[in-house]
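Heads up: the protein sequence lines correspond to chains A and B, in order. All letters in the first sequence, in the order written, are residues 4 to 214 by our numbering. All letters in the second sequence, in the order written, are residues 4 to 214 by our numbering.
Be careful, since some hints might not be right.
Put simply, identical chains are the same to the list, so a pair is met inside one copy or across any two.
[What the hints assert, rightly or not] Dumping the calculated DSSO-like pairs for lysine-lysine here, alpha-carbon to alpha-carbon at most 27 Å:
id, residue 1, residue 2
1, 196, 143
2, 138, 196
3, 196, 123
4, 123, 143
5, 138, 123
It should be emphasised that the hints constitute simulated quantities derived from the structure, not laboratory data.
Here is how the chains run, residue by residue.
Number of protein chains: 2
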Amino acid sequence: MDLRICVPLGALLEGSLAAIAAVGLPVEPLRDAGRRLIVEVPGGPTYITTRPTDVPTYVESGAADIGIVGRDVLLEREPDVYELADLGFGGCTMSWCTPAGDDPTALAIERFGVVRVATKYVRCAERFFEGTGRKAEIVKVNGSVELAPLVGLADGIVDLVATGRTLRENGLVEREVLFESTARLIANRVSHKLRADVLDGLVRAFEAGGA
Amino acid sequence: MDLRICVPLGALLEGSLAAIAAVGLPVEPLRDAGRRLIVEVPGGPTYITTRPTDVPTYVESGAADIGIVGRDVLLEREPDVYELADLGFGGCTMSWCTPAGDDPTALAIERFGVVRVATKYVRCAERFFEGTGRKAEIVKVNGSVELAPLVGLADGIVDLVATGRTLRENGLVEREVLFESTARLIANRVSHKLRADVLDGLVRAFEAGGA
Numbered sequence: 004m005d006l007r008i009c010v011p012l013g014a015l016l017e018g019s020l021a022a023i024a025a026v027g028l029p030v031e032p033l034r035d036a037g038r039r040l041i042v043e044v045p046g047g048p049t050y051i052t053t054r055p056t057d058v059p060t061y062v063e064s065g066a067a068d069i070g071i072v073g074r075d076v077l078l079e080r081e082p083d084v085y086e087l088a089d090l091g092f093g094g095c096t097m098s099w100c101t102p103a104g105d106d107p108t109a110l111a112i113e114r115f116g117v118v119r120v121a122t123k124y125v126r127c128a129e130r131f132f133e134g135t136g137r138k139a140e141i142v143k144v145n146g147s148v149e150l151a152p153l154v155g156l157a158d159g160i161v162d163l164v165a166t167g168r169t170l171r172e173n174g175l176v177e178r179e180v181l182f183e184s185t186a187r188l189i190a191n192r193v194s195h196k197l198r199a200d201v202l203d204g205l206v207r208a209f210e211a212g213g214a
Numbered sequence: 004m005d006l007r008i009c010v011p012l013g014a015l016l017e018g019s020l021a022a023i024a025a026v027g028l029p030v031e032p033l034r035d036a037g038r039r040l041i042v043e044v045p046g047g048p049t050y051i052t053t054r055p056t057d058v059p060t061y062v063e064s065g066a067a068d069i070g071i072v073g074r075d076v077l078l079e080r081e082p083d084v085y086e087l088a089d090l091g092f093g094g095c096t097m098s099w100c101t102p103a104g105d106d107p108t109a110l111a112i113e114r115f116g117v118v119r120v121a122t123k124y125v126r127c128a129e130r131f132f133e134g135t136g137r138k139a140e141i142v143k144v145n146g147s148v149e150l151a152p153l154v155g156l157a158d159g160i161v162d163l164v165a166t167g168r169t170l171r172e173n174g175l176v177e178r179e180v181l182f183e184s185t186a187r188l189i190a191n192r193v194s195h196k197l198r199a200d201v202l203d204g205l206v207r208a209f210e211a212g213g214a
């Protein structure tokens, strides 16, 4: 088959394996991979496992033909790939969250003219605040975004919210939803042309499996 | 004391705790913190634990007064902070590494005019290739950089090398060293002015402890 599939580690991994298994591709070798990041299945696909944010990079470059990635990463990165299907799993929202109590957003803008926003999703946050006519100073953080308002680094955060547990544990509440996200199937533009038969069949199978 | 200290999780955590303990500050509450990212020690400092790459962000903004961070992160981020001391631990090199065998760098440039470089350290890599008169296309990846040459995403990687184990496991060899890195003590510029006494004393203690 010689198809290269980029699979995200982390929160979308289990759903990705289930979706791949549902279209009839072997996933057991991937479960047994241990520390290996590349798994070649004889007579089947080659799996490349990466961080979720790296999936578009591998697919855009052609290092992988197709990949599974959250809509959040696509909206942040805007990679030059085809988005072929909504796989339905991994549902969450990209949300603007601030400490519980009076919403500090209006207050911060009233006092200082600007609200300070910590996020991993700089472009999503910029578009959101620009689009709603509010001035924001975006602070890029790479991990534990929920920490930022607690120590005065920011007035609030733009981050993915799934169960809401992290928010509750840190005294934060969801104020506004930027967009909803689920896992998407993406394809390299050249692969999509050269291997239309294989990919079209897969897309139909993924759509049937996800329904 | 009311001093806020930003401590990096990951590879520099143990060395940071040892260095902090060596200057006489209590670190046991930090060891017992579990999932908590903020640890206030009554009568002592407040510790904020973050990803290594977020330490400069917290210190630059004043959310933390001082922090411990690798020189690699400082050279990549160039934050507006004071670098007060070389703490000596966490030694490693930032290196240009490619697959074993003939060095593909010259070959790639000869064939395509450009070498493709995967890295988390985009600015460090850009400066290195510009400074040595070679054209490079930098591909930003966020994790498992060593994977990139194996699947054709890049000709080689610019990454931190400590023991070299990851390189060996992936058939890569170190070709050139960009710079050496160790853990550094950094301070917020305003904190450094307002709290010169406390910080000067700490710097002397850190330097004595690290010697």
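Status of each hint after checking the structure:
| no. | hint | in the structure |
| --- | --- | --- |
| 1 | 196 <-> 143 | between (37 Å within a copy, 26 Å between copies) |
| 2 | 138 <-> 196 | neither (43 Å within a copy, 30 Å between copies) |
| 3 | 196 <-> 123 | neither (33 Å within a copy, 31 Å between copies) |
| 4 | 123 <-> 143 | both (6 Å within a copy, 15 Å between copies) |
| 5 | 138 <-> 123 | within (18 Å within a copy, 30 Å between copies) |
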